[in-house]
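For the sequence shown, the residue numbers in the working numbering are 971 to 1252.
In case anyone wonders, no lab produced these hints; they're calculated from the structure. Values in this document were obtained by computation on a predicted structure and should not be read as measured data. Some hints here could point you the wrong way.
Here are the simulated BS3-like pairs of lysine-lysine, each with C-alpha atoms no more than 27 Å apart in a straight line [to be verified]: (1) Lys-1018 / Lys-1051; (2) Lys-1048 / Lys-1080; (3) Lys-1139 / Lys-1186; (4) Lys-1137 / Lys-1169; (5) Lys-1137 / Lys-1080; (6) Lys-1104 / Lys-1137; (7) Lys-1068 / Lys-1016; (8) Lys-1129 / Lys-1104; (9) Lys-1051 / Lys-1164; (10) Lys-1164 / Lys-1183.
Across the chosen pairs, the derived CB separations fall in these ranges [to be verified]: (11) Gln-1029 / His-1175: 41 to 51 Å; (12) Lys-1014 / Gln-1124: 39 to 49 Å; (13) Ile-1249 / His-1175: 37 to 47 Å; (14) Lys-1051 / Ser-1166: 42 to 52 Å; (15) Arg-1105 / Thr-1192: 31 to 41 Å.
A virtual CB, placed ideally from N, CA and C, is assigned to each residue, including glycine.
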Amino acid sequence: MRPRLEQLLPKIQNQSFLCYEVNVPAFEFFCHYHPEYELTCIVKGKGKRLVGDRFEKFQDGDWVLLGSNLPHTWVSDKNSKENCQAIVIQFTQVFIEKLCEFPELKGLEKLLVRAGRGLELGSAKNKEYVLLLKRMLVSSDMMRFTLLLQLLEQVLQKKSLPLASAKYKPIKGNENQLRINKVFQYVEKEFREKVSLKKAAAIIHLSETAFCKFFKRASGKTFSDYTNEIRIAYACQLLLETDKSIREVALDSGFDSLTYFNRVFLKKKKIRPGEFRRIVIF
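Could you build the full structure based on these sequences and the hints that come with them?
This is the structure we're talking about:
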């Protein structure tokens, strides 16, 4: 199975980096890559981890740093009965380049060059590391940034081992990636209005039928699913940051029908919009 390009924008547009928790019954095989760097800590789980051309076992405390466009996935053991938990941090090349402009943070440059092959950072079973990561999940923006610097300092001090072989090369941006990026940009710009399959196909000079096949092959999801994901992400932001009614949130996020919005939101978030607002805020 070819690695899929995962599009993190616009999730990362309004913040310098992403920090989120994953709680699932099991880690499913989904080999993917993205331009952003990634620091992943497996708080709970065991199975096999694929990074580049390296496939090996992982367990609780697995802690790795992944470079840009490096294919990766975690897969739970089939006989595992415990739920799996991970904390993930993702940041862009632009963000890290700005950090490296500070003389005190120059050491990050060499670390991130080495991360091109993926780095195993040893075990994060140490409660100090896990507590720091969990604090990042619930902290204010400024405190989260401060905690990230603390975390990067600890990463610099840890012994790390490369994962992918020396001959392995991360995926480079090819013509197909450039084409699908044009579609991503179109959706990110127009999702609050009427997003047209016909127009998206025209942007990369394909028929609608050919476009649907291309988009599914390149992204792993349908064009409609991707558009709805972008709209639901924006709707969540509105639910948390404004007092708009559910109907207003739906319309402002690009949904013409409140019923359809509620159905899509429930499918994507496993919770209704009103419940999401109450639980997260209170």
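Cross-check of the supplied hints:
no. : hint                            : in the structure
1   : Lys-1018 / Lys-1051             : holds (15 Å)
2   : Lys-1048 / Lys-1080             : violated (38 Å)
3   : Lys-1139 / Lys-1186             : holds (25 Å)
4   : Lys-1137 / Lys-1169             : violated (41 Å)
5   : Lys-1137 / Lys-1080             : holds (19 Å)
6   : Lys-1104 / Lys-1137             : violated (36 Å)
7   : Lys-1068 / Lys-1016             : violated (36 Å)
8   : Lys-1129 / Lys-1104             : holds (22 Å)
9   : Lys-1051 / Lys-1164             : violated (44 Å)
10  : Lys-1164 / Lys-1183             : holds (21 Å)
11  : Gln-1029 / His-1175: 41 to 51 Å : holds (48 Å)
12  : Lys-1014 / Gln-1124: 39 to 49 Å : violated (21 Å)
13  : Ile-1249 / His-1175: 37 to 47 Å : holds (45 Å)
14  : Lys-1051 / Ser-1166: 42 to 52 Å : holds (46 Å)
15  : Arg-1105 / Thr-1192: 31 to 41 Å : holds (37 Å)
Of the hints listed earlier, those the structure fails to meet are numbers 2, 4, 6, 7, 9, 12, in rising order.
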